[in-house]
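Participant: Chains as they are written, first to last, in our numbering: chain A, 1 to 310; chain B, 1001 to 1291; chain C, 2001 to 2255.
Mixed in with the good hints there might be a few duds.
Here are the simulated lysine-lysine pairs, DSSO-like style, with alpha carbons at most 30 angstroms apart [to be verified]:
#1 C:Lys2198 with C:Lys2214
#2 B:Lys1116 with B:Lys1081
#3 B:Lys1166 with B:Lys1263
#4 C:Lys2214 with C:Lys2079
#5 A:Lys296 with C:Lys2124
#6 C:Lys2072 with C:Lys2171
#7 A:Lys296 with B:Lys1166
#8 A:Lys296 with B:Lys1116
#9 C:Lys2171 with C:Lys2214
Derived from the structure by calculation, the hints contain no laboratory data.
Listed here are the chains, written in short residue letters.
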Amino acid sequence: MSKHPYRGLTLIAAVLLLLPLVLPNSFYVDLAIRMAINAVIVLGLNLLIGFAGQISLGHAGFIGIGAYASAALPTHFGWHPLLAVVAGAIAAGALAAVLARPIFRLKGHYLAMATLGLGIIINIVVRNEAALTGGPDGMAVPPMVFGSFEISGDKPWYWIVASLLCFSIWASIILIDSPFGRALRALHGSEVASKVVGVNVLRYKLTVFVMSAMFASIMGSVTALYVGFVTPNLADFFHSIELVTMVVIGGMGSIYGSVLGAVLLTALPQALATFEGWETVVFGAILMLSMIFMPKGLVPTLAARFGKGE
Amino acid sequence: MLAEFLQFLFSGITVGSTYALAALGFTLIYNSSHVINFAQGEFIMLGGMLAVYFTHSGLGLPLSLVLAIVLPAIVGLVMEKVAIEPVKGAEPVTLIIITIGASLVLRGLVQIWLGKGTFSLPAFSGEQPINVLGATLMPQSLWVLGVTAVVVLCLWYFFARTLMGKAMLATSFNRVAAELVGINTDGVLFLSFAMSAALGALGGILITPITLTSYDAGIMLGLKGFVGAVLGGLGSGLGAVVGGLLVGVLEAMGAGYISSSYKDAMPFVLILLILFFRPSGLFGGKATDRV
Amino acid sequence: MNMALLEVQDLSIQFGGVKAVQNVSFSIDAGIVYAVIGPNGAGKTTLFNLITGIYTPTAGSILLDGQPIQGKSPDVLAKRGVARTFQNLQICMNMSAVENVMVGAHLRLDRNLFKAALRWPALKARDLDLHAEALELMRFVGLEAYASASADSMSYGALKRLEIARALAMKPRLLFLDEPAAGLNPKETIEVDALIRKVADTGVTVVLVEHDMKMVMNLSDRILVLDYGRKLAEGTAAEVRRNPDVIAAYLGAHA
Chain A
1 MSKHPYRGLT
11 LIAAVLLLLP
21 LVLPNSFYVD
31 LAIRMAINAV
41 IVLGLNLLIG
51 FAGQISLGHA
61 GFIGIGAYAS
71 AALPTHFGWH
81 PLLAVVAGAI
91 AAGALAAVLA
101 RPIFRLKGHY
111 LAMATLGLGI
121 IINIVVRNEA
131 ALTGGPDGMA
141 VPPMVFGSFE
151 ISGDKPWYWI
161 VASLLCFSIW
171 ASIILIDSPF
181 GRALRALHGS
191 EVASKVVGVN
201 VLRYKLTVFV
211 MSAMFASIMG
221 SVTALYVGFV
231 TPNLADFFHS
241 IELVTMVVIG
251 GMGSIYGSVL
261 GAVLLTALPQ
271 ALATFEGWET
281 VVFGAILMLS
291 MIFMPKGLVP
301 TLAARFGKGE
Chain B
1001 MLAEFLQFLF
1011 SGITVGSTYA
1021 LAALGFTLIY
1031 NSSHVINFAQ
1041 GEFIMLGGML
1051 AVYFTHSGLG
1061 LPLSLVLAIV
1071 LPAIVGLVME
1081 KVAIEPVKGA
1091 EPVTLIIITI
1101 GASLVLRGLV
1111 QIWLGKGTFS
1121 LPAFSGEQPI
1131 NVLGATLMPQ
1141 SLWVLGVTAV
1151 VVLCLWYFFA
1161 RTLMGKAMLA
1171 TSFNRVAAEL
1181 VGINTDGVLF
1191 LSFAMSAALG
1201 ALGGILITPI
1211 TLTSYDAGIM
1221 LGLKGFVGAV
1231 LGGLGSGLGA
1241 VVGGLLVGVL
1251 EAMGAGYISS
1261 SYKDAMPFVL
1271 ILLILFFRPS
1281 GLFGGKATDR
1291 V
Chain C
2001 MNMALLEVQD
2011 LSIQFGGVKA
2021 VQNVSFSIDA
2031 GIVYAVIGPN
2041 GAGKTTLFNL
2051 ITGIYTPTAG
2061 SILLDGQPIQ
2071 GKSPDVLAKR
2081 GVARTFQNLQ
2091 ICMNMSAVEN
2101 VMVGAHLRLD
2111 RNLFKAALRW
2121 PALKARDLDL
2131 HAEALELMRF
2141 VGLEAYASAS
2151 ADSMSYGALK
2161 RLEIARALAM
2171 KPRLLFLDEP
2181 AAGLNPKETI
2191 EVDALIRKVA
2201 DTGVTVVLVE
2211 HDMKMVMNLS
2221 DRILVLDYGR
2231 KLAEGTAAEV
2241 RRNPDVIAAY
2251 LGAHA
C-alpha cells in the first residue's frame, strides 16, 4: 500500500468533476458512465481475486440478478425500483453464500468451476423464462423514481455513478489497510499461516465472495436503471471473462489498477466495434500477453518500474 | 417407454463420447501441469471446422480428417510453447486466465476466417437410421462410439505398456521426482498438449455430422467435457471417460424427461452437485498437504 | 497436584496404511521447555500438526487445560493461546515483514468490518500501536534491520525468526517451534538458541522439535523421544541421554 493512497482518489474525483465540461457529446458521457460502473464491479471482484486469491468465472451472473431484479420486480410485481435493487443484492448475496459455503471448504480452484457453472445456469434461466425476463430479446426497465421525481438520462446517472465510484475507491482503501484487509492479504499469502494466527479462513472467503456478489448485483441494477433495458448478454460467460480481464490487466490486488483496467477494457470494444471477431482475438491476446509478461498487472508493474509504489 | 429411454440413451452416449474425449484432453494436460486448459473446447471446434473447410475445398474426406486432427495438434503444441511454458511456475489463477485468453484468440481467429455460419459434414457411412428396439440409432453414432472406444483402448495401451506413456504418468504423480530420474517433463507437457488437442479435434470431427459445428461450438462442448472430467475425478483417465459419458447421458435424460429448454444447464447443475457432495469425483483421490 | 497445561493421551493417526503416530501419551507442565526428538520420519511434525489442529487424530485425545482440543481447527486453538512455527516456512510473501508480524495479533484486534467503517479514527490509532508493537517484537527476535523490508527480500534465517515474532504477537501461552534451527549455520543456531531461551524466560511454554542435540540438551527441561511413531522414552535431558534404547535408535554412542 503506497504512502499516499488518497492522492489517486483525489485525482480521480477531480477528473470526474471536470469531465462533463470536457466531453463533446452524450456518447462520451455514456461511455464514462459505463466505465465507472465497470470500475465499481471490478473493485469488488478484485477483492476476491486479488486479495482473497479466489477466482470467479461467473460474476456476470450476479450482475444479471441485479439487472433483472430491477427489470422484472417493478414490471411484473409492482415493486418500487429501490426495493428491487435491494432485493437483487440480497438474492445475489444469498446465492453466493449458499454456493460458497461448501466450496470454500475445499482446497484449490473449485470456486472457479462452481462460479462458472452458476453463471451459465443463470444465463440459461434468464434466456428461457421469457414470461418473466423477456427471453433472449430482453425487456425494458422502469426507471428509478422518488415520489414524482424520475431519475433518467445520462446527466443524473453520471453524478450518481461518479459518487459511487469515489465511495467505492475510498472504501477499498480503508478496507485494505484495516485488520480485515490485512487478514485477507495474509489469507492470500499463506492460508495455513493465517489459520494458525486465528483467521477464520472460511468466514473471510465467504464474506469477500458475498460482498463482491452484492456489489455486482447493485451495479447490475444501476446499469439496468440507467440504460432502461436489459438483455441476457449482461449475464453471459463472455461478460464474466471481460470482468476478470479488467482485474487482471489492471493489476490483481491494486485498487487503481481495477479502475484502469475497467477504463481500458470498456473503451476497447468501442474501438473494435466494427471488427467483431477481432474484438475477441484482441481480448484473448491481451489476457495472454499481460499474464505472460506482466502477471502482476499494469499498475503494480509500472509502479515497481518507476519505484513510486502508487 | 423403452424406445424413448433407449433414444435418450443413444443420443446421450453419442454426445457423451465427445465429452469423454474432451475430458481425456483436460485430464492429460491437468496431469502433466495442473493447468485447467480452458481452450480445450476450441480444439474440438477446430477439428470440426477444419474438417468442413478441407472437405469443402475438395480434399476428400480421409485427407481432410487427418489434417483436421494434425493441425489442431500443432496448434496445441504452439500454444504450449508460447503460452504455457514461459509461465511455468505461475499461480493457478494466472494459468487459467492464459488458457481462457488462448481460447478467445482461437475462437476469434476462426470467426474471422470462416465466419459465423453453421456447418455440417456428411455422415461417414450414410444417413440410414438403424432401428434398435424401437429407437433409432444413426450410423454416425456407431462411428462416434466405435472410434472413441478404439482411441481409449490405444491410450490405455500407451499409458500402461509404453515407456513414453509411463513417463507421462510419472510426471503426473510427481513432477520433480520424474525430472530427477531423467524424464523430460517439458517434453511430456509438450506431448500432452498435442495429444489433448488431437483428442478434442477427433471428438469434434466425429460429432459434426450429428450436431453441426460453428465458430462458437467449442465453448459448450469444452465446458461440458470439463464437467465430465471433474465428475470422473480430475486426474483420472478412466474417470474422464466415464464422466464424459455420464454427463452426456444425464444431459440427454434430463432434456428428455425433465425439460428440453434447460438441456444446456444440466451439466452445470451437475457440476455444482458434484462440488457440493463429492468434489473428488467418482475416481479421484483425496489429497493431503504436507505442512 | 497441578493439572498439566497440555496432556496427550493415546494419540494415534493413520494415513492409509502408514501409522504415523501410535498411542503416544505425554504431558507438558506450564512454563517449561519441552523437546520432541527422534529420527526423521518418527512422526514429530505429524505430532505437532495433530496438536495444533492441522490434522485430526484417528484415535486418542489432546487436553489443553483439561479441555479436549483434538480435531479443533487451528484458528480455534489460536484463541486458546496456542501458536506455532513451521518446518517449511509459511510466510506471507505478499506482505511486508512488519505486516506479517501484525497479522499475528489478528485475534487481539477488532476485525469487525462495520466497526472498521464507523470507528475509523480509533481503529487507525490501535493499528499504529500494533505497528509499534510489531517493530518491538522484531527487535526482540533480532530483526530490527528489516523494519521496513518486504518479506520476499529476507533470508531464510531471518524468515524463521520472523515466524517466531509472528507467533509471539499472538501473546501465546503455548508455543510450538518446528525445527527452528533447521537450515541455519552454527552462528545463527546459537542466536536462535538464545532467542528461545529469552522467549521461555517470559513465561511462555515452549515445545520444540529439533535435531540439533546440543541445543536440545541445553534448552530443554523435559524431552520426548519418538521412533516410528511410538514413544520411545520421556524424561529429563539427563535421563534421556542415558537411556540405552534412545542411544541405540537415535543418539549413537557419543551423545
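Participant: Each hint needs a verdict: does it hold in this structure or not?
Facilitator: Evaluated hints:
{"no.": "1", "hint": "C:Lys2198 with C:Lys2214", "verdict": "17 angstroms, holds"}
{"no.": "2", "hint": "B:Lys1116 with B:Lys1081", "verdict": "29 angstroms, holds"}
{"no.": "3", "hint": "B:Lys1166 with B:Lys1263", "verdict": "39 angstroms, violated"}
{"no.": "4", "hint": "C:Lys2214 with C:Lys2079", "verdict": "33 angstroms, violated"}
{"no.": "5", "hint": "A:Lys296 with C:Lys2124", "verdict": "29 angstroms, holds"}
{"no.": "6", "hint": "C:Lys2072 with C:Lys2171", "verdict": "20 angstroms, holds"}
{"no.": "7", "hint": "A:Lys296 with B:Lys1166", "verdict": "37 angstroms, violated"}
{"no.": "8", "hint": "A:Lys296 with B:Lys1116", "verdict": "35 angstroms, violated"}
{"no.": "9", "hint": "C:Lys2171 with C:Lys2214", "verdict": "28 angstroms, holds"}
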